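A.B. asks: Protein sequences appear in the order of chains H and B. Under my numbering, the first residue of the first sequence is numbered 8, with each subsequent residue one higher. Under my numbering, the first residue of the second sequence is numbered 170, with each subsequent residue one higher.
Hint data in this document are derived by calculation from the structure and do not stem from the laboratory. Quantities reported herein were computed from a predicted structural model and do not represent experimental measurements. Where hints are given, some of them may not hold.
Here are the simulated DMTMM-like cross-link-like pairs (lysine to aspartate or glutamate), alpha carbons at most 20 Å apart as the crow flies [stated by the list, open to error]: (1) Lys261(H) with Glu399(B); (2) Lys261(H) with Glu249(B); (3) Lys564(B) with Glu329(H); (4) Lys325(H) with Asp305(B); (5) Lys150(H) with Glu443(B); (6) Lys463(B) with Glu433(B); (7) Lys559(B) with Asp254(H); (8) Lys279(B) with Glu394(B); (9) Lys432(B) with Asp189(H); (10) Lys279(B) with Asp305(B); (11) Lys140(H) with Asp189(H); (12) Lys28(H) with Glu399(B); (13) Lys264(B) with Glu221(B); (14) Lys559(B) with Asp367(H); (15) Lys279(B) with Glu399(B); (16) Lys434(B) with Asp363(H); (17) Lys104(H) with Asp130(H); (18) Lys454(B) with Asp189(H); (19) Lys209(B) with Glu399(B); (20) Lys325(H) with Glu495(B).
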Amino acid sequence: MLADSVSRFIDADYDFERRQKFAASDSGYSESMWQTFAELGWTAVPFAESDGGLDGGPIELMLMMEQFGRGLVVEPYLANIVLAGGILRRIADDAQKARWMQPLIEGELQATLAFAEPQNRFDVANVMTTARKDGECYLLNGKKSFVLNGDRAGLIIVPARTSGDQRDEAGISLFAVPGDTDGLSRQGYATVDGLRAAELALNDVRVTAECLLGQEDDGFATLASVVDEATLAVSAEAMGIMQKMHDKTVEYTKSRVQFGVPISSFQALQHRMVDTLMLCEQSRSLLYWSVMLADAADPQAKKAISALKYQVGTAGAKVAQEAVQLHGGMGVTWDLDIAHYFKRITAIDLMFGNSDHHLDRFIASEA
Amino acid sequence: MNIDLTAEELAFRDEVRQFLAEKYPEDIRRKRIEGIPLEKDDMVRWQKVLNEQGWFAVNWPVEYGGTGWTPIQKYLFAIELAEVNAPPIVAFGVKMVAPIIYTFGNEEQKQRFLPDILASNVWWCQGYSEPGSGSDLASLSMRADRDGDHYIVNGTKTWTTLGQYADWIFCLVRTSSDVARRQEGISFLLIDMTTPGVSVNPIITIEGDHEVNEVHFDNVSVPVENLVGEEGKGWTYGKVLLQHERTNIAGVANSQYRLARLKEKCAQSVHGGEPLINDRNFARKIAALEIELKALEYTELRTLASVAVGNAPGPESSFLKIRGTEIQQSLDALMMEAAGYFALPYVPNQYDFDFPVEDRIGYGSETATSLRYFNNRKASIYGGSNEIQKNIIAKHVLGL
């Protein structure tokens, strides 16, 4: 149901030309499109019914994200709903839910989670940003990198260290920082895959105790769980991209004539497209497997997500490179959608840990 | 380099080093290191510096202004240029059309065109590919119909690199369809870009740059004296040129330079993080690439040695093209991977970014890594795609 409706929407209302127009606008996405997402209930999907949500889980998330990948959607679903929403629905208290989660679900608040710091590469436990108790308030200091949707977000969830050493999992607390708080400065930029992000600097950013989400020192498990879910989400998005690139390439080779015949008739190219088909199918199998484990809250889910992220990183790069190569010069032009699918799937490999990172995590979870 | 150099060769290398230390413009050097695109003036200026030294037309015969260097000297020169990350020479004039002109052109053409190429006074571009003729170049359909002492040219050329700067274009054109083999109806024609009927439309590439163009010819009148060699022999001339293009394409010295920079960067702490070389996965990938590059370096040297004893560069140039571009692309991917999140901001020109230098995103050109990775997927497509190169090797080396 959900997959069909998102899929139909992408086909009817989200063609490549519109996507390019949204991406090139000042905000980097379409505000009216975001309102439509909210009206269709998509922004409510993962939240509990009691919170005004639709009680969706990993399966619904996967179905939507795959379609968003297929349509190269630039609206900040990941930053708002998966990342910021993921934190809020896990640990926000009633007052915090009313203040931030309700407007988020209704499409009235833009939000994000600042999961990266300049030095931490893909290790979300590596947090140097500090939060020091000052009377009834906390003072936050530090830097955050590559904050998705960070240039416009009215709410930024900031992991900060309230105790422990730089790499300790214990001692990380999560703060809801309103975007207009004094001492918060942002440097917004476009990303190579057509999205928007920002570098943040926090200089004595003062927030009240009501902005602490969950328990002090105890934010890491929530942070890690949300980042895992986001990893699953971008992997599903990558699946949609990979499939689209493969399908379009097969079609293109049937229509491109060289040496008097369609280039699809060359065995050397046929074998390569068979290879990319198998890469897509293997990736899809791991996607379904890890979504099932995540849906069942299975303890193996974390390992499965690493297997999946490794797979979509390596297979995705191969499928994308082959798609560009088989499109020839056209494949590296701005006007053809293939180029933009290529950039997005490349960026996904660099998010939440690349293939190497997740291969290591897979090995570590064997123990 | 571990091969034994003679005293003369070592002295030559020192001379090149001294020249580069003194004459390589500082502003161009800085742009290259920070990954800022060069402008036309930068490229021309650098080529003029080389020419003043007599080191621009490295491969030309001495009588036309070439160096007369041995293959080893040329090799050493390329290494030294790469060591300082000098801009690549814009190949279309000096490396592409000039050899055709001095090999197949008449005296008048040599005198008319070669001096301005040598002095970088005239910018050339290449008119080979057409929208319907990429890998199957011999199917090209741009027509040049004889009308008295002129040809009337109609058609479209595409992927014309830096054609927006060009004063002249050299084209493969169809002068006859009434031939047994379609290759026999192709001629090599030089066209002044200012001739009425020539128009240039930009093609924006994947990373957002204007690097290539489509060039349209609408009843363009070209004097017959601009035909190089014989009518109908253009394909033969063009093939010679493509073999030159393919040896130029390997880019071993440039890959060595970039590999060294990657290793340096990975040995350091970047943004206060752990040095990446401590990650065994990454260290292994760098090592594997270094081994492959070392092999290609010696493959190229073996080719040079063979050319030095009088053999023409042949199908083995296809080998250099395939492996050379694959290595370049693997390097692009590793550099981007090393940059991590810092590869993702889209900053085409870092000087447009108004932010304190120490906080500048992509300081040290990390952001340029992804743009380079995207753009350089072209390397396995241009100059005859790598698939076409494998066909050439299968046919001419394996005899299949």
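A.B. asks: Given the hint that Lys434(B) pairs with Asp363(H), does the C-alpha gap stay at or below 20 Å?
C.D. replies: 18 Å, holds
A.B. asks: Is the Cα-Cα distance between Lys325(H) and Asp305(B) 20 Å or less?
C.D. replies: 25 Å, violated
A.B. asks: Please verify whether Lys150(H) and Glu443(B) have alpha carbons no more than 20 Å apart.
C.D. replies: At roughly 17 Å apart (the allowed maximum being 20 Å), Glu443(B) and Lys150(H) satisfy the hint.
A.B. asks: Does the structure keep Lys454(B) and Asp189(H) at a Cα separation of 20 Å or less?
C.D. replies: 45 Å, violated
A.B. asks: Need the status of pair Lys559(B), Asp367(H): alpha-carbon distance at most 20 Å?
C.D. replies: 36 Å, violated
A.B. asks: For the pair we were handed, Lys264(B) and Glu221(B), check the Cα-Cα distance against 20 Å.
C.D. replies: The given pair, whose Cα atoms are some 18 Å apart, holds under the 20 Å limit.
A.B. asks: Compare the distance between the alpha carbons of Lys140(H) and Asp189(H) with 20 Å, and conclude whether the hinted pair is satisfied.
C.D. replies: 17 Å, holds
A.B. asks: Quickly compare the C-alpha distance for Lys28(H) and Glu399(B) to 20 Å and report which way the hint goes.
C.D. replies: Between Lys28(H) and Glu399(B) the Cα gap is close to 51 Å, so the pair fails against 20 Å, i.e. violated.
A.B. asks: Given the hinted pair Lys209(B) and Glu399(B), is their Cα-Cα distance within 20 Å?
C.D. replies: Since the Cα atoms of Lys209(B) and Glu399(B) sit roughly 34 Å apart, the hinted pair is violated (cutoff 20 Å).
A.B. asks: Has the given pair, Lys279(B) with Glu399(B), been kept, meaning a C-alpha gap of at most 20 Å?
C.D. replies: 15 Å, holds
A.B. asks: Please work out if Lys432(B) and Asp189(H) have their alpha carbons no farther apart than 20 Å.
C.D. replies: 41 Å, violated
A.B. asks: Check whether the Cα positions of Lys279(B) and Glu394(B) lie no farther apart than 20 Å.
C.D. replies: Since the Cα atoms of Lys279(B) and Glu394(B) sit roughly 12 Å apart, the hinted pair holds (cutoff 20 Å).
Checked against the numbered hints given earlier, this structure breaks hints 1, 2, 3, 4, 7, 9, 10, 12, 14, 17, 18 and 19; the rest are met.
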